Each structure stands twice: as structure tokens, then as C-alpha cells.
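Participant: One letter stands for each residue in the lines below.
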Amino acid sequence: MATKEEIVVQAKKIMDEFVSALSKVNVKEKFGAERKNQMRVPSKDCPDSAEFRKRIFRNVPKIKDDYFIMEKKEW
Amino acid sequence: MVIKEKLEQIKKGKLTAQDNVKSFLNIISKKNSDINAFLYVNKDALTEAKKVDEKIKKGKAGKLAGLAIAVKACINVKDMPISCASKTLENYYGTYDADAVEKIKKEDGIIIGITNMDCFACGISGEKSMFGPTKNPKCDRVPGGSSSGSAAAVAANMCDIALGTDTGGSIRNPASHCGIVGIKPSYGRVSRYGLIDLSMSLDQIGVLCNDVYGAALMMEIISGYSANDGATYDKPVSKYSGLKKLNNIKIALSKEFEKLCQNKRIYDLIKKKAEEIAKKLNTKLINVDLPNVELAVQTYYPIVYVELFSGTRKFDGRKYGKKIEDSCSEEVLRRILGGREISRAEHGGRYYRKALAAKELIAETMNRAFDKVDFIILPTTPLLPTKLGEKLDPKAEYAFDAYTIPANLAGICAGVVPAGTIDGVPVGLQIFAKAFDEERLLSLMNEIK
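Order-wise, the sequence lines are chains A and B. Start counting the first sequence at 1; every next residue gets the next number (my numbering). Start counting the second sequence at 1; every next residue gets the next number (my numbering).
Don't read these hints as lab results, they were simulated from the structure. Because the structure is a prediction, the values reported are computed rather than measured. Each hint should be verified, as a subset may be incorrect.
When the alpha-carbon atoms are kept at most 27 Å apart in a straight line, the in silico DSS-like pairs for lysine-lysine are as follows [to be verified]:
no.: 1; chain 1: A; residue 1: Lys12; chain 2: B; residue 2: Lys314
no.: 2; chain 1: B; residue 1: Lys314; chain 2: A; residue 2: Lys64
no.: 3; chain 1: B; residue 1: Lys354; chain 2: A; residue 2: Lys12
no.: 4; chain 1: A; residue 1: Lys24; chain 2: B; residue 2: Lys354
no.: 5; chain 1: A; residue 1: Lys4; chain 2: B; residue 2: Lys391
no.: 6; chain 1: A; residue 1: Lys13; chain 2: B; residue 2: Lys354
no.: 7; chain 1: A; residue 1: Lys54; chain 2: B; residue 2: Lys106
no.: 8; chain 1: A; residue 1: Lys64; chain 2: B; residue 2: Lys78
no.: 9; chain 1: A; residue 1: Lys64; chain 2: B; residue 2: Lys319
no.: 10; chain 1: A; residue 1: Lys12; chain 2: B; residue 2: Lys391
no.: 11; chain 1: A; residue 1: Lys54; chain 2: B; residue 2: Lys314
no.: 12; chain 1: A; residue 1: Lys24; chain 2: B; residue 2: Lys259
no.: 13; chain 1: A; residue 1: Lys4; chain 2: B; residue 2: Lys354
no.: 14; chain 1: A; residue 1: Lys62; chain 2: B; residue 2: Lys391
no.: 15; chain 1: A; residue 1: Lys13; chain 2: B; residue 2: Lys259
no.: 16; chain 1: A; residue 1: Lys13; chain 2: B; residue 2: Lys391
no.: 17; chain 1: B; residue 1: Lys235; chain 2: A; residue 2: Lys54
no.: 18; chain 1: A; residue 1: Lys12; chain 2: B; residue 2: Lys87
no.: 19; chain 1: A; residue 1: Lys4; chain 2: B; residue 2: Lys314
no.: 20; chain 1: B; residue 1: Lys323; chain 2: A; residue 2: Lys12
no.: 21; chain 1: A; residue 1: Lys24; chain 2: B; residue 2: Lys106
no.: 22; chain 1: B; residue 1: Lys106; chain 2: A; residue 2: Lys12
no.: 23; chain 1: B; residue 1: Lys322; chain 2: A; residue 2: Lys12
no.: 24; chain 1: B; residue 1: Lys319; chain 2: A; residue 2: Lys62
no.: 25; chain 1: A; residue 1: Lys24; chain 2: B; residue 2: Lys395
no.: 26; chain 1: B; residue 1: Lys105; chain 2: A; residue 2: Lys54
In silico contact screen, one side only, chain B against chain A (beta carbon under 8 Å); selected entries [claimed, not checked]:
no.: 27; residue: Thr95
no.: 28; residue: Ala227
no.: 29; residue: Leu281
no.: 30; residue: Glu330
The C-beta atom is built at its ideal place from N, Cα and C for all residues, glycine as well.
Okay, chain B solo, but in the shape it has when bound:
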């Protein structure tokens, strides 16, 4: 059942919050031992649902009343284990609610559990959790990462909506591989207060859902200025769930993105789908030049290495859990040690400074493109997801982010919707829109879905 229909049924009393939560708990108990999407299931979920049912009867319930929401294990939820799927924080329980979680609870969404992820959000496959890999419910490939558990939970119908985080594609990559909808908001649209950061200048909390309406409704709730996060902008939040009809829009493809595709069948599928959308919306596809966008991966990783090294100095084993260098995955260790190495005084900040300057260049490129067009359509990943257990060297893994990273570097918003399948493997179509244009981005995603 789609979210809009379900909310109507709950409102009319045809479905109770308790029944909704109970059905998800049943599915979780049957499937989670295999899929490993959840690291923790909220034992109070039914009690909380009962309270929501009482509010619904009194006509005082919020916009998410009765819906079951899953939260990625790096976003603080009070009294739940927020381990970042690491042994470092294995025994850490959230001491407060992140801003996004607080807003969900205020609208009577029920936190059903905490989802698995790549350790400290470092990974593209969902296999780098210290609590075992997550399986893709849709095919025999990896679910993608780092928000692997959130995407798998949505795809396996274990929850209504899930929160994820996206620093270089961690929502969009698993959304694509699991055949669901995912949105990365513009930088500064959603408060990061309560998020255990990977890279502070790029991280954003976003949404995964089976339908665009549900993603739009959640975005409407979690977006907005927060005094707790100095990076949020004080811009009004539109009614994203209104999902308007779009007129007179300009949609583009880019030759630079076509060149980056390592599987021609993926680009052909995306191009065909883009042509169908353009026809449906009575517009023509145009080409937009995006010089230097092919350097996105090389720009992104020095920034992430340095910011992860800096951001994890608090995990020194004295205040929180274990020392991170002694208890994390190999990929996290690579980024921390690499970040430490290139931050040494003898390098004079050369790596980070160069990457920041290139980030600026890519942001300018994207901004110039959005002076000419409204949306850019592209694939989500240059290859199909790998099989579980298939090894890639670090550089090959990093290349998987080539299509998602530009949006993070430019601070723009981006969404993924299912485009179809190739050999039974889901493929997501990605859309870029200019910063703070989430309303129209979600409307276009709705036209496609």
C-alpha cells in the first residue's frame, strides 16, 4: 500500500497504528535474520503505536501518525544503540534525539528500529558493517551503501520510510540497487544535529521510501532551519508533498556523464527513460556541458579523508567506547590513516586545499548548468552492483560514486527513482536539481515513478 493511501486509512480508522506496526514487526521477525537490515528493533514500538492510536481517535495526531520509521545507525535516537555499525560505538546509546528524529516523533511517526550500514558510513556495498553484511531483498547483488539497512528495510517492506545519510551517494546508491526512491537534500536543508559525521562539509540526512509521496512528506517534516546546526539555511520549506504538475521545464543529459559510464546498457536505459519523460512533459532533452565533473571522485576523497580523520579524534577510547583505530573496518582505517598522513604539517595542507579548490570549481560548473536547465538526468552508478563477497580494490570502489558525488560537492539536491532492471538487477535513474529546489525535484520524480 502506498503511503498516501495508508495515511488515509489510518485517519479513517480502517487501519490502526498498532496493526501497521505489528505487521512490520512480523515481517522483521521473519526476514531480518536473513537480510540483516536492522541492528535493533524498538521493543516499545507497539506501546508507542497504542498512544498514537489514542491521539488519532481524539483527532490530535500528527502528519506521520501510525507510520513505522527506520533510522540509520549514525543518527541519534534517545535510548537506542547508535553504533555506526562499528565495534567502536557498540555500547553507545543515544543520549538525545537528532533534530530530524525529534521532528518525526513530534508528527507521531514511530521509530521501529535502527538500521545496519557500512561501518562509520564508509562503503558503497553494505558489506562493511561490523555486524555482518546486509542482503539486497530484490536480487543476488549487494544492496549498496552506506545506508544499506535503510534501503533494504524499505525494499523488504519492513518499514514505511527510512532515514539515511548521504555524503557522496550513500542514500542514492542503495536506493538504486534496491529499486526504491531516495533523496539527498541540498546541503543546509536538513539539520545534521545528532548525526555522527563522516565529512562535515558534505553530509546530509535524507529519505528512502517505496514511493515519492512518502519521501516528499518526510522531507517536508525534517527540513528547515535549526539553531542547533549552523549550516542550515533559514529558507521556507514548501509543501513538498503537494507534488505539482511541472510545466515549461528544461531537462538535460550530459556527454561528460555518458563518458563516465562503464556499462553501456545502464546509460542506454537511463537515456531511453529520459526521452520518455521529456515526451510526457512535452519538452526536449538538451545537452549540458559539465567540464571537470569527471574529477569529482579525485576531489571528494581527499576532503573525506581529512574530515573523517579530524571528526573521529573524539573516538580515542577515553570518552566513548573503544579507540577507533583499534576497532573499525579496514576502509575506515584507510581513510583515517590516509587523512592523518595528508594532514601532516610537512604537506602544508596541499591535498585538502587543492581538493577544496576543485570542489569550488565543480560547484561553479553545476551552478552555471542550472542557469540554463532545470534538471539533469544521469545514472546513479556507472556499473551494476557487485555480487555479495566480490572484492574490489579501493579505487574501483571509489569510482562507483562518480555519478553521485558531484551533487554533494555542489551542495545541490538529487533524487533517485527506479528506472527498470538489467538482468534482473534494479537500476535507478538519478536527477540533479539546483540547491533548495526540492519541491520541483520531488514533483519530477513523481512524474517518473
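For reference, chain A alone in the conformation it holds in the complex:
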């Protein structure tokens, strides 16, 4: 197996080649703007609903009042 340093150099080289290939096409960078087709109707479960709370706490191994109990290696 190659060393971490060699892997970084190789990965960066691949990324540079790939992004350089993308630079050949005229791509418009659109950020911070919502696209119409990605807009969603807000869910009926608003964050303070009982259902939302139940879902958030569903997989938590230990709960005390409104808090998760997080312990190293316990989840």
C-alpha cells in the first residue's frame, strides 16, 4: 500500500486533471439560489411537534429528560 503522502499527491493529480477537463466546458456556477424544481412543500411535522421529537429520540440509546446521553463507544 502506498503511503498517505503518496496517496494525497496521486488523488490531487487526478482531481486537477478532472477539474481541468471541466474547465473546457462553459459551466455557470449558481450558488445561494434555490432552483424551482428543488423546492419542497414543508412537511406537516414541524420541529416542535410530538412526532418530530419522537423521531429524533428514536435511536438514542440513553435519554434523560430532553437530552441525549452521549458516551464514548456507547452508540
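We have chain A; now place chain B onto it with these hints.
Facilitator: For chain B alone, kept in the frame of chain A given last:
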């Protein structure tokens, strides 16, 4: 026996869930030491089958009653080892069921085991698992990846249906190499809740099966909105297993895809098969222009590198298992370290932003194509699978995804059905359909199979 026939036999009492599961457990015990498709076999499968038999007798069983379902090792199943075929999560057991698994259990499917895969879903061959490579049951080539164990388990008749995941082709590539059916749903069709992610903006859970009916039935069950996954759409799920007759459809090939093929025999086989389908369905094959689709690989990997780096920060050795950088495969490490490198502040997000913009461009290209046609037919991989142990450099490996990645970038659905063999090696025919058109996609796959 095909799934539809088997379900009828179970319903009529001619085959019990216990007998079905028992026969698969026998096959697994005989073949798995060689094929290495399963990392874990459910020791309670027979007990669960017994309970399902009781429900069948009472007439209260679900749509998957008695079927044995295998699950890829990156999808959470409660109390089963969900290692992502990595040493990082070697001792992690699912603490809950993924949405897709919960739906399967609700319909009385029996989880028969957890399947092998390329470590953290990074790979195209099935050889990059930290628990040994999976073998292809159909030929002496690699089974494909990353859902290698799921595909091999189906192809070797070790289960009825398997769940896999597809970020850039990880269901379709092994389905093609193992000569089975595979479907990658549209982005947002199946909840990813409970999936250990590779790239959150591209991942989808999908299905592998020996026949289209089984894949369609499973899709019908696992699809739909979930409050647990904000990316799912609240669109109705049709009766996919109805597999309708298709009329007045437009099927296309694309010259851009033909140019990407590195093995002419593969493209010739796919083209011939496409002509047969068009003739059968009384339609003509047309050509559709797909500019920039040849940049799919270059677009996909910067996104995956960055999102994998970001998504794996939780594997720091403090909360779950071992630190990922110290315990993963070389390919995972390449993507994580590469992702870290190109995310550095000094690059100002240049790589990721450029790739996202190109993703948008490819999605627009595909959407424009689907204004003109209903389906696009293409190969699944540009080359035949390599032999076990044959080394490829990373860029050559990435190029194997050239035909599958566009569907992930565009968020559309895509399926693979066996098209035939070349030198004894299975070759899959791939079909693209527009987003959320799974019903017609599966119907067309059924016409071919």
C-alpha cells in the same frame, strides 16, 4: 423458480417460508466459503420464517411473505453487523432498521443475511472488501461493485432478492457482470434513512433480483416519502409490479455513448438488442444528442471525494469503532485524503463548485433528452469485467463508471437487464428513464427479460 410463481406457491401452501429459507441456508452453507457473498447469516431466519408461516395460515401475511432478502452491509438492520465491509465498523451492530428494511419486515420478508461489498462502497470490482473479495458465480471475472455480495448472492441463488446501493453504478455494474436484474431508483424515490452514506447527494438504495417482477415488487414496497429523509419526494408510488404493456414509446441510442465504448463487441451487442426491442414494441430507434455527458466521470469524482471526506468525519475512533484513516482500504483513503485536500480553504471550494455546476449541466442535458424520448438504451460498462486480481490504476477504474454515473448526476432512474454474453461473460443492457418514471422503466425491462 421466478418470484411471482414462488409467492403463489407460498400463498397456496405448496411451499412454506421455512422450506424456502432452509433451501437458501443450505446453498449458503455450501457455496459461501467460496463465493464470499455473505458477511453474516441471520441465525434467527428459520424462527422468523416459522412466524411468517403462521401468519400465512391466518391469511394475514404481507406482500413479501416467505421471501429471503439479503441486505448490503451499509444499510442498517437492527442487531446485525453493519460493517460497510470495513475494519473501521467491524464491531458495529445496527441499532435500528433503515426505512427500507423496516418496510421489508412489515411485508414479512425475511432478512437472511448481510452481504459483502467494496469497503465503504468505494470500488467497482468487489475486490476491495476488508473481509476478502467476492467471486462472480457466473464466470471467472470480478462480480463488480460495490454491491458485489448482493449481486453474487442473487446470481448464486442464495436469496430471492437483495438490497444494494448505487451512487455511481454500484447496483448496475455488478448486476451486469453477474447476469441479473438491477435497478437504481430516481434520487428521492427511496428513503436513505439508515444508509451509511458514500455521497449524500447521489446515493440511492435499490434492488437486485433474478427477475424483473421481483425487482418491481421490492421497489413498490421500499419506495415513497419518509419524514426521516428530507430528500424523499411526496409523490405517489404506482403499482410497479403491474408491469404494463408499453405503447407509443420512443427509444433512443446516443452517439456520445457509442464513442465512450472501449469494447466494440459490447456496443454491437447492446445495439442489436435495442433493435430487437424496438421491433418487438413496434417503434423505431432514434438518436439523441447528449452533449457533455462524456464529462460525467470528471464531474462525479470531485463530488464524491468531498462528500465522502465530509460524511466520514464521524468515524474518528471516538464514537464508532476505529479511526477510518487507519483502518480502511486504499481507495477509501484516496477519496478521503483527496477530498480533504481539495476542500482546503486555499482552494476556495473551486473543485466542488466546478463539479456541482457541471452536474447541473449534465442534468439539464438529460432532462432535455427526455423531452424528446422516453428511454435511452446504452451499455452498463465500457469494458468487460477484469479477471480477479487484475490491477487497474484509479483512473482506469473510475472510467468503468462512465455509463452509469450520468443517471446519478441527473437523479433519474436506470435499470439493467441481461443482454447476453461475450466469451462467456455476462453483459447487461442499461436503460435510462426520466426521474420518477420507474413504472414504465420496469415495464420496459420486463419486455426485454
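Participant: Hint by hint, say whether it matches the structure.
Facilitator: Do the hints match the structure? See the list:
1. Lys12(A) to Lys314(B): This hinted pair holds, its Cα atoms lying about 23 Å apart.
2. Lys314(B) to Lys64(A): 23 Å, holds
3. Lys354(B) to Lys12(A): 15 Å, holds
4. Lys24(A) to Lys354(B): Between Lys24(A) and Lys354(B) the Cα gap is close to 11 Å, so the pair holds against 27 Å.
5. Lys4(A) to Lys391(B): Between Lys4(A) and Lys391(B) the Cα gap is close to 20 Å, so the pair holds against 27 Å.
6. Lys13(A) to Lys354(B): Holds, at about 16 Å.
7. Lys54(A) to Lys106(B): 20 Å, holds
8. Lys64(A) to Lys78(B): Within the cut-off at roughly 23 Å; holds.
9. Lys64(A) to Lys319(B): Status holds; Cα separation ~19 Å.
10. Lys12(A) to Lys391(B): 21 Å, holds
11. Lys54(A) to Lys314(B): Given that 27 Å is the threshold and the Cα spacing comes to 23 Å, the pair holds.
12. Lys24(A) to Lys259(B): 19 Å, holds
13. Lys4(A) to Lys354(B): Measuring from Cα to Cα gives roughly 26 Å; hence the hint holds.
14. Lys62(A) to Lys391(B): 47 Å, violated
15. Lys13(A) to Lys259(B): Given pair Lys13(A), Lys259(B) holds - Cα atoms ~25 Å apart, limit 27 Å.
16. Lys13(A) to Lys391(B): 20 Å, holds
17. Lys235(B) to Lys54(A): With a Cα-Cα distance of about 24 Å, the restraint between Lys235(B) and Lys54(A) holds, given a limit of 27 Å.
18. Lys12(A) to Lys87(B): The given pair, whose Cα atoms are some 25 Å apart, holds under the 27 Å limit.
19. Lys4(A) to Lys314(B): Holds, at roughly 20 Å.
20. Lys323(B) to Lys12(A): The hint holds at about 22 Å.
21. Lys24(A) to Lys106(B): 51 Å, violated
22. Lys106(B) to Lys12(A): Violated, at roughly 46 Å.
23. Lys322(B) to Lys12(A): 25 Å, holds
24. Lys319(B) to Lys62(A): 14 Å, holds
25. Lys24(A) to Lys395(B): 19 Å, holds
26. Lys105(B) to Lys54(A): 21 Å, holds
27. Thr95: 6 Å, holds
28. Ala227: 5 Å, holds
29. Leu281: This interface hint is violated because 30 Å lies over the 8 Å limit.
30. Glu330: At about 5 Å, which falls below the 8 Å cut-off, the nearest Cβ of chain A leaves the hint on Glu330(B) intact, so it holds.
Comparing the model with each earlier hint shows violations of hints 14, 21, 22, 29; every other hint is respected.
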